[in-house]
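Next come the chains, spelled out residue by residue.
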Amino acid sequence: MITMENVCKSYKVARRDSGFGQAFRSLFHREYEEVQALNQVSFHIGDGEMVGYIGPNGAGKSSTIKILSGILTPDSGTCVIDGRIPWRDRTEHVRHIGVVFGQRSQLWWDIPVMDSFELLKEIYSISTPQYKNKLEELTRLLNLEEILKTPTRQLSLGQRMRCELAASLLHEPKLLFLDEPTIGLDAVSKLAVRDFIKKTNKDHKTTVILTTHDMQDMEAIAERVILIGRGQILLDGTLGDLRQAACVDGELQEDSVNLDQIMAALYQKLNIM
Amino acid sequence: MKKYYLFFRLRFAAGIQYRMAAVTALTTQLVWGIMECLAYKAVDKASCGGMPMDYSAIVSYIWLKEAFLALFNTWAADNDLFEMIKSGDISYELCRPLSVYAMWFSRNVGGRVSEALLRCVPVLLCAIVMPGPYRLGPPVSAEVFGLFLLTVVLGLGVTVAFCMLVYMLCFFTISPQGWRMVFTGGVDFLSGHLIPLPFFPAKYLRVAQNLPFAYMHNVPFRIYSGDLAGKEILPAVLGQVFWLLALIFAGLLVWKLAEKKIVIQGG
Numbered sequence: 001m002i003t004m005e006n007v008c009k010s011y012k013v014a015r016r017d018s019g020f021g022q023a024f025r026s027l028f029h030r031e032y033e034e035v036q037a038l039n040q041v042s043f044h045i046g047d048g049e050m051v052g053y054i055g056p057n058g059a060g061k062s063s064t065i066k067i068l069s070g071i072l073t074p075d076s077g078t079c080v081i082d083g084r085i086p087w088r089d090r091t092e093h094v095r096h097i098g099v100v101f102g103q104r105s106q107l108w109w110d111i112p113v114m115d116s117f118e119l120l121k122e123i124y125s126i127s128t129p130q131y132k133n134k135l136e137e138l139t140r141l142l143n144l145e146e147i148l149k150t151p152t153r154q155l156s157l158g159q160r161m162r163c164e165l166a167a168s169l170l171h172e173p174k175l176l177f178l179d180e181p182t183i184g185l186d187a188v189s190k191l192a193v194r195d196f197i198k199k200t201n202k203d204h205k206t207t208v209i210l211t212t213h214d215m216q217d218m219e220a221i222a223e224r225v226i227l228i229g230r231g232q233i234l235l236d237g238t239l240g241d242l243r244q245a246a247c248v249d250g251e252l253q254e255d256s257v258n259l260d261q262i263m264a265a266l267y268q269k270l271n272i273m
Numbered sequence: 001m002k003k004y005y006l007f008f009r010l011r012f013a014a015g016i017q018y019r020m021a022a023v024t025a026l027t028t029q030l031v032w033g034i035m036e037c038l039a040y041k042a043v044d045k046a047s048c049g050g051m052p053m054d055y056s057a058i059v060s061y062i063w064l065k066e067a068f069l070a071l072f073n074t075w076a077a078d079n080d081l082f083e084m085i086k087s088g089d090i091s092y093e094l095c096r097p098l099s100v101y102a103m104w105f106s107r108n109v110g111g112r113v114s115e116a117l118l119r120c121v122p123v124l125l126c127a128i129v130m131p132g133p134y135r136l137g138p139p140v141s142a143e144v145f146g147l148f149l150l151t152v153v154l155g156l157g158v159t160v161a162f163c164m165l166v167y168m169l170c171f172f173t174i175s176p177q178g179w180r181m182v183f184t185g186g187v188d189f190l191s192g193h194l195i196p197l198p199f200f201p202a203k204y205l206r207v208a209q210n211l212p213f214a215y216m217h218n219v220p221f222r223i224y225s226g227d228l229a230g231k232e233i234l235p236a237v238l239g240q241v242f243w244l245l246a247l248i249f250a251g252l253l254v255w256k257l258a259e260k261k262i263v264i265q266g267g
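Read top to bottom, the protein sequences are chains A and B.
Taking the numbering used here, the leading residue of the first sequence gets 1, the next gets one more, and so forth.
Taking the numbering used here, the leading residue of the second sequence gets 1, the next gets one more, and so forth.
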C-alpha cells in the first residue's frame with residue numbers, strides 16, 4: 001500500500017544566456033532558479049494495482065519514482081509504503097521493491113548477464129531453490145535462454161530491457177516501479193514487455209507503477225491512470241476519464257482520434273506543456 | 001560478507017578478460033622499469049655512492065612498483081564509478097539493500113587485485129632474470145617477506161580508502177575531473193611513486209611522512225629490500241593502520257552527507 005501526501009520537491013537550476021560573455025559573467029554571479037518538480041502531490045495506491053503515471057517531459061514523473069524508491073528525499077510531505085518511509089528506511093525498503101529505469105542499466109557492462117544475476121542473488125540473499133525457480137520462470141516468460149551467456153555490452157536494446165526486467169524481479173518484490181520500460185523498443189519487444197508486466201501483476205499480485213510516453217502501453221497495461229503536469233496531479237482515473245476530459249468541449253470526437261492526439265489536446269488544454 | 005566477496009570476484013572476472021591490455025601494459029612497465037634502473041645507476045655513479053638508498057634496494061623498489069602498479073596507483077581509479085555518479089546510474093546502486101561504501105570498496109579491491117595478478121607474474125619473471133645489478137633479488141628473510149605481504153594488504157587498503165574518499169567528494173562537484181587532477185598529481189609525488197621518499201630533503205620528508213600517501217606502497221616496497229628495517233617498521237605499520245581507519249571514517253562521513261542531499265542527475 002502506497003500513500004503519498006502533499007509531497008513537494010524543488011531543484012535549484014543554474015541558468016544563464018548562451019555565449020562567452022554570459023559564461024564569463026556566471027563565474028562571478030550565478031543566477032539560480034527554483035524549479036518546482038513536485039507540488040503537493042498526493043495519491044493512494046492499493047496492493048496489486050496497476051497504475052500508469054503519465055505527463056509531458058519534465059512533469060515530475062521520474063522524481064516521483066525516485067522518491068518512491070527511496071533514492072530522493074523530498075523537501076516536505078509524507079510518503080509511506082507498507083509502513084516504511086522510503087528515504088529514511090532505504091536499505092530495508094529496497095528489499096521489497098524492484099525498479100527499472102528505462103534509460104539506465106543495472107547490469108554489469110562487460111560480463112555475461114548471468115553473472116549479474118548471480119550477484120543480485122547474493123545481494124538480496126535469495127535462497128538457491130527460490131532463485132532457480134524464479135530464474136527458470138523469468139527465462140521462459142521473457143525468452144532469455146539464448147542471451148543469458150552474452151555480455152551486456154553486446155545485447156540489443158530489446159534484449160537488454162528484457163534482462164533488466166528479469167533482474168528487477170529476481171527477488172520477487174511486492175512492488176515494481178518501471179520508469180519508461182518501453183523507451184526505444186521495437187514492436188515485438190514492446191509487446192513482449194507489456195505482456196510480461198501484465199502477467200507478473202496477475203500471477204504474483206505485484207503492484208506495478210509505470211511511467212511512459214507511449215499511450216499504447218497505457219491502453220494495454222494500466223487500469224488506472226494518474227496524470228501529472230507541472231508537478232501537480234491533474235487527473236486520477238481510468239483512460240476513459242482521460243478521453244472524456246479531452247473531448248469535453250466538443251472540439252475532438254472521442255471515437256475519431258487516437259490516444260496520442262487526445263493526450264496532446266489534453267496537455268494543451270491543461271496548459272502543462 | 002559473501003556479497004562483498006562476490007563483488008570482488010565479479011570485478012576480477014571482468015578485469016581478466018582484457019588480455020591485450022595486459023600484454024601492452026606489460027611492455028610499458030618493462031621498458032619503464034629498465035629506464036628507471038638506468039637513470040638511478042647514473043645518479044649512483046655521479047654521487048659516488050652517496051645515495052640515501054642502496055642501489056639494490058632502489059632496483060627492487062622499481063621492479064615491485066612496476067609489478068604491482070595496479071594495486072597502488074591512484075590515478076587509475078574505477079572509471080565506471082565516476083561515470084555512474086556523473087550520469088546518474090548511481091540510482092541502481094542506491095536501490096540495493098547494501099552499504100554503497102562497502103559495495104564500492106570491495107569492487108575496487110577486486111578490480112585492483114585482478115589487474116595486478118595479471119601483470120605482476122610476467123613483470124616479476126622478467127625482473128629476476130635481468131642481468132647483474134638490475135636484477136630483483138629475493139627478500140632479505142622469510143619474516144621480512146611475511147611483513148611485506150601484510151603491508152601490501154594494508155597499503156592497498158589505504159589506497160582504496162583514499163580513492164573512496166575521492167568518489168564520495170565527487171557527489172558534491174558534479175564533475176569528477178577537478179578532484180582527480182588535484183589529487184592524482186599530488187599523490188603520485190607524495191606517495192613516492194615518482195621518486196622514492198628517502199630521496200626527499202629531510203624537511204619535505206617530515207611533511208610527507210605525516211600524510212596518508214607515505215603509507216601506500218612506500219612501506220611494503222622498502223621493507224622488502226631491507227631499506228625499512230628494525231625499529232622503523234612498527235611505526236610504519238601502525239601508520240598504515242591509522243590511515244586506513246581514518247580514511248574509511250572520513251569516507252563514510254562524507255557519504256552520509258552526500259546521501260542526504262544527493263541529486264540523481266538526468267531524467
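Since the hints were derived computationally from the structure, they do not count as laboratory data.
Mixed in with the good hints, there may be bad ones.
Unchecked claim - Calculated lysine-lysine pairs in the DSBU-like style (CA-CA distance at most 35 Å, straight line):
#	chain 1	residue 1	chain 2	residue 2
1	A	K12	A	K132
2	A	K132	B	K261
3	B	K260	A	K174
4	B	K203	A	K174
5	A	K134	B	K86
6	B	K86	A	K190
7	B	K260	A	K12
8	A	K202	A	K132
9	B	K256	A	K12
10	A	K190	B	K3
11	B	K2	A	K149
12	A	K149	A	K174
13	B	K261	A	K174
14	A	K12	B	K41
15	B	K41	A	K198
16	B	K231	A	K174
17	B	K3	A	K202
18	B	K203	A	K205
19	B	K203	B	K3
20	A	K199	A	K149
21	A	K205	B	K260
22	A	K149	B	K86
23	B	K261	A	K12
24	B	K41	B	K203
25	B	K41	A	K174
26	A	K190	A	K132
27	A	K174	B	K256
28	A	K149	B	K203
29	B	K3	A	K199
30	A	K132	B	K2
31	B	K41	A	K134
32	B	K2	B	K203
33	A	K190	A	K149
34	B	K2	A	K134
35	A	K205	B	K3
36	A	K199	B	K256
Hint check results:
1. A distance of roughly 46 Å separates the Cα atoms of K12(A) and K132(A); the hinted pair therefore is violated under the 35 Å criterion.
2. A distance of roughly 38 Å separates the Cα atoms of K132(A) and K261(B); the hinted pair therefore is violated under the 35 Å criterion.
3. Our distance criterion of 35 Å between C-alpha atoms is met by K260(B) and K174(A), whose separation comes to about 26 Å.
4. Note on K203(B) and K174(A): the hinted pairing is violated, with a Cα-Cα distance of about 63 Å set against a maximum of 35 Å.
5. Taking the CA atoms of K134(A) and K86(B), the gap is about 33 Å. The hint holds against a cut of 35 Å.
6. Restraint check for K86(B) and K190(A): the C-alpha separation of about 29 Å stays at or below 35 Å, so the hint holds.
7. Restraint check: the Cα-Cα separation between K260(B) and K12(A) comes to about 16 Å, which is no more than 35 Å; the hinted pair holds.
8. With a C-alpha separation of about 21 Å, the suggested pairing of K202(A) with K132(A) holds against the 35 Å cut-off.
9. The suggested pairing of K256(B) with K12(A) holds, with an alpha-carbon distance near 21 Å, which does not exceed 35 Å.
10. Our distance criterion of 35 Å between C-alpha atoms is met by K190(A) and K3(B), whose separation comes to about 34 Å.
11. Only pairs whose Cα atoms come within 35 Å are accepted, and K2(B) paired with K149(A) is accepted, the gap being roughly 23 Å.
12. Between K149(A) and K174(A) the alpha-carbon distance is near 28 Å, which keeps this suggested pair within the 35 Å criterion.
13. Taken as a hint, the K261(B) and K174(A) pair is honoured in the structure, with Cα atoms around 28 Å apart against an allowance of 35 Å.
14. Between K12(A) and K41(B) the CA atoms are separated by roughly 58 Å; this puts the pair beyond 35 Å, and the hint is violated.
15. For the suggested pair K41(B) and K198(A), the alpha carbons sit about 73 Å apart, so the restraint of at most 35 Å is broken.
16. Our distance criterion of 35 Å between C-alpha atoms is broken by K231(B) and K174(A), whose separation comes to about 60 Å.
17. Of the supplied pair hints, the one linking K3(B) and K202(A) holds, its CA atoms being roughly 32 Å apart against a limit of 35 Å.
18. Taking the CA atoms of K203(B) and K205(A), the gap is about 70 Å. The hint is violated against a cut of 35 Å.
19. The straight-line distance between the Cα atoms of K203(B) and K3(B) is roughly 46 Å, outside the 35 Å bound, and the hint therefore fails.
20. Restraint check: the Cα-Cα separation between K199(A) and K149(A) comes to about 25 Å, which is no more than 35 Å; the hinted pair holds.
21. Between K205(A) and K260(B) the alpha-carbon distance is near 33 Å, which keeps this suggested pair within the 35 Å criterion.
22. Distance hint between K149(A) and K86(B) is fulfilled; the C-alpha atoms sit about 29 Å from each other, no more than 35 Å.
23. With a C-alpha separation of about 12 Å, the suggested pair K261(B) and K12(A) falls inside the 35 Å cut-off, and the hint holds.
24. Restraint check for K41(B) and K203(B): the C-alpha separation of about 25 Å stays at or below 35 Å, so the hint holds.
25. At roughly 68 Å between alpha-carbon atoms, K41(B) and K174(A) are farther apart than 35 Å, so this suggested pair is violated.
26. This hinted pair checks out: K190(A) and K132(A) have alpha carbons roughly 26 Å apart, not beyond 35 Å.
27. For the proposed pair K174(A) and K256(B), the alpha carbon gap of about 28 Å is at most 35 Å, so the pair holds.
28. As the CA atoms of K149(A) and K203(B) are separated by approximately 58 Å, the hinted pair breaks the 35 Å bound.
29. The suggested pairing of K3(B) with K199(A) holds, with an alpha-carbon distance near 31 Å, which does not exceed 35 Å.
30. A threshold of 35 Å between alpha carbons decides the hint, and for K132(A) with K2(B) the separation of about 19 Å falls inside it, so the pair holds.
31. For the suggested pair K41(B) and K134(A), the alpha carbons sit about 64 Å apart, so the restraint of at most 35 Å is broken.
32. Between K2(B) and K203(B), the direct Cα distance comes to roughly 46 Å. Violation of the 35 Å bound is thereby established for this hinted pair.
33. With a CA separation close to 23 Å, the supplied pair K190(A) and K149(A) stays within the 35 Å bound.
34. Restraint check for K2(B) and K134(A): satisfied, since their Cα atoms lie roughly 21 Å apart, inside the 35 Å limit.
35. As the CA atoms of K205(A) and K3(B) are separated by approximately 29 Å, the hinted pair is consistent with the 35 Å bound.
36. Note on K199(A) and K256(B): the hinted pairing is violated, with a Cα-Cα distance of about 39 Å set against a maximum of 35 Å.
Of the numbered hints given earlier, the model fails hints 1, 2, 4, 14, 15, 16, 18, 19, 25, 28, 31, 32 and 36; all others are met.
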